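Participant: Position one of the sequence shown corresponds to residue 1 (the numbering used here), numbered consecutively onward.
Because the hints were derived from the structure by calculation, they are not lab data.
The structure displayed is predicted, hence computed values, not measured ones.
All C-beta atoms, glycine included, are put in the ideal place defined by N, C-alpha and C.
Certain hints may be false.
Label pairs and their calculated CB-CB ranges [to be verified]: (1) Gly-15 x Glu-223: 22 to 28 Å; (2) Pro-222 x Gly-49: 38 to 44 Å; (3) Gly-180 x Arg-19: 35 to 41 Å; (4) Glu-223 x Glu-155: 30 to 36 Å; (5) Gly-36 x Gly-182: 48 to 54 Å; (6) Gly-182 x Ala-131: 27 to 33 Å; (7) Arg-19 x Leu-70: 32 to 38 Å; (8) Arg-19 x Gln-91: 31 to 37 Å.
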Amino acid sequence: MTGPAGQGGLDGHGGASVRIADALRTAILDGSYRPGERIRQEDVASRSGASRMPVREALRVLQAEGLVTLVANSGAWVAKLTLAECAELYQIRERLEPLLLRASLPSLDGGAIARMTEFAKAMEAADGDVAAFLRADRAFHWASYAAAGPGETREIIARMWNSTQHYRREFTRMAVGRAGLGATHLEHQLLIDCIRRADPEDAERVLVMHIRRTRSELAGHPEIFA
């Protein structure tokens, strides 16, 4: 994933645990696993040719990343949100992500702006391919935060991006099926312009609007959270 991978805490079975965590993370983020779906450790162990110990270690990593819910003496499930929980996470994102962008912006150089521009072009070229759009979208935003360096704010935001991935995918599908993603593309271009002008106030305003618009759209579709 673009952004912090959060792979600390692997011990004893490091190589297998990392490999299993990577495979499960990709499957969850691309929608192969659905929110609330059970992840059976014995199935994962069988597919990966590993024992259950590295599977358990991988699941603990994914829990820390906001992708998995572990229940003692019961098992593991893909994290699922209610509408209220999703709205709360988006409200937190509206406040934290502008702080991370402000910290990053002074050190974003021409190379960073060029990368963001390429990711924005990739989103526009996705042409209804939701998976391709989401990959480029994640890369775009994490490129804008890259110069802020590591820290707790970055880790918190990474977990919230993971937890809300499924619902961001549904928002994108709805937008593609209706008027398209023109407003989203425009907001990305506005963010690039703010960064190019080194204007943190404008950048924060655009980013808040960008995140809030998704939250407002999701609030009108409670069936997504059923």
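Participant: All hints, please: hold or fail.
Facilitator: Here is how each hint holds up against the structure:
1. Taking the beta carbon of each, Gly-15 and Glu-223 are about 42 Å apart, not inside 22 to 28 Å as hinted.
2. For the hinted restraint 38 to 44 Å between Pro-222 and Gly-49, the CB-CB distance of approximately 42 Å keeps it satisfied.
3. A hinted range of 35 to 41 Å holds for the C-beta pair Gly-180 and Arg-19, which are about 38 Å apart.
4. In this structure, Glu-223 and Glu-155 meet the distance hint of 30 to 36 Å, their C-beta atoms being roughly 32 Å apart.
5. For Gly-36 and Gly-182, the Cβ-Cβ distance of about 32 Å falls outside the hinted range of 48 to 54 Å, so the restraint is violated.
6. A hinted range of 27 to 33 Å is violated for the C-beta pair Gly-182 and Ala-131, which are about 20 Å apart.
7. Separation of Arg-19 from Leu-70 is about 19 Å and departs from the stated range, judged on CB atoms against 32 to 38 Å.
8. Distance hint for Arg-19 and Gln-91: a CB-CB separation of about 36 Å, consistent with the stated range 31 to 37 Å.
Hints 1, 5, 6, 7 from the earlier list are contradicted by this structure; the remaining hints agree with it.
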